[in-house]
Amino acid sequence: MTGKDEAELSGLLRAAIAGDERAYANFLHRIAALVRGFVRRKIVQGGVDPEDVVQETLLAIHVKRHTWRPDAPVLPWVYAIARFKLIDAFRRRGRRIEVEIDEIAETFAEPETETVSERDINRALEGLPPTQRSVVSSISVDGHSIGETAAKLGVSETAVRVSLHRGLAAIAKRFGRQ
Amino acid sequence: MRTEDLIKALDADAGKEAMPMGKAWWLAVCVAVAIAAAVFFTTIGPRPDIMPAMHTMRFMSKFVFTLVLAASAFALIRALSVPGASTRRRMAWMLAAPLLVVLAVVLELFVVPQADWSKRLVGSNMMICMTFIPLIGIGPLAVFLGMLRYGAPTRPVLAGAVAGLLAGGLAATFYAAHCFDDSPLFVATWYTIAIAFLTLLGAIGGRLFVRW
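As they're listed, the protein sequences go chains A and B.
First residue of the first sequence? That's 46 in our numbering, and the numbers climb one at a time after it.
First residue of the second sequence? That's 73 in our numbering, and the numbers climb one at a time after it.
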């Protein structure tokens, strides 16, 4: 099953890099479910909300996707990022943990669905400059397209894309500094 | 914000991709070499007798050490800047340069009479060595730390230290063309101290600046 996962997911990411947007959304959904399973299993005591780590990992995967080599397997890359972000989350809360480097256990992580609560990402979003904040929340929370957002805010689509790009990069950076 | 919503935003931002790491690393090395060369040639420059010196084993051996160090550090840092890449074999290659130096030191101790050992070790310009290797290497180190920020090292302190070794190997290669002390005893002592300083600086830089 994991061999098939690996092949499908690396295929999806390759397609996404080639410009296939649907493949990218599909890739991110499946990665989110896998990472959620991994993180929940690793967080046995409380203190860290698994979903925060999932979101942080997705953002890191997004802004660092140029570090994946298209001829390399994608799952070890994903789990290395997830493990790094998990350790980081514990460190920020003043706790030291050892996340063992055990590839086999990771490949058995079951996909899991999201639970809703107050998120770290909301604080990062609120810290953005107003334009970036309204663009990011229009596209994410309100589910508008780039074109709809441009019309709603009365700016060009290019400006929306730039604000979105910068806003997401700033959120990713802020996560790491909390 | 729900994760579902975040994915919508990430998906909308899927457009143009940044330069792949492999290409970016080669570009970074070119920039670093250019900076090191500029500092070297505008300050100390090569020694005047470089042509005859190139026919001696001791002079040429310095470049073997420094280039092997730079090459092995370059291979390792490229792996360290990418999450999940295997580094074990590249780590092992980091032993190559120190082993070559140890070998050369042993040979030197055999060839040179004991009375001359300390003279060879102290040499004639260790202060220049310890000043100029860090001075030539600091620009390249900054470039490599910038590359680590661009990448995604999951062990930033280690990656920063290796950036220091790479900058040190590069700087020492230039400096070796200036230095009159060709004995492996001198190289093993003063070059090592100078490169260790850059390595420490790199580790600190990795801790402080390489966040992602």
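FYI, nobody ran anything at the bench for these hints, they're computed from the structure.
Check before you lean on any hint, since a few could be wrong.
Below 20 Å or equal to it, Euclidean Cα-Cα: the simulated SDA-like pairs (lysine to any residue) are [stated by the list, open to error]:
#1 B:K191 x B:T264
#2 A:K218 x B:K95
#3 B:K80 x A:L198
#4 B:K191 x B:L207
#5 A:K109 x B:P92
#6 B:K88 x A:D97
#7 B:K88 x A:I132
#8 A:K218 x A:D97
#9 B:K95 x B:A214
#10 A:K109 x B:A90
#11 A:K49 x A:A60
#12 A:K218 x B:R283
#13 A:K109 x A:K49
#14 B:K80 x A:D97
#15 A:K218 x A:I132
Estimated spans, in silico, between C-beta atoms of each pair [as the list claims (entries may be wrong)]:
#16 B:L99 x A:D116: 42 to 50 Å
#17 B:A109 x A:A117: 30 to 38 Å
#18 A:V207 x B:W98: 25 to 33 Å
#19 B:A268 x A:A214: 30 to 38 Å
#20 B:E76 x A:R137: 19 to 27 Å
#21 B:P118 x A:G56: 46 to 54 Å
#22 A:P115 x B:A125: 18 to 26 Å
#23 B:A268 x A:A63: 30 to 38 Å
#24 B:G94 x A:A214: 40 to 48 Å
Here are some of the chain A residues that sit facing chain B, going by a computed Cβ distance under 10 Å [claimed, not checked]:
#25 D65
#26 R81
#27 A125
#28 F135
#29 T176
#30 L198
#31 S201
We put the CB at the ideal spot given by N, CA and C, even for glycine.
Checklist entry - So which of those numbered hints doesn't the model satisfy? => result Going through the list in order, the structure violates hints 2, 4, 6, 7, 13, 16, 22, 23, 24, 28, 29, 30 and 31 and respects the others.
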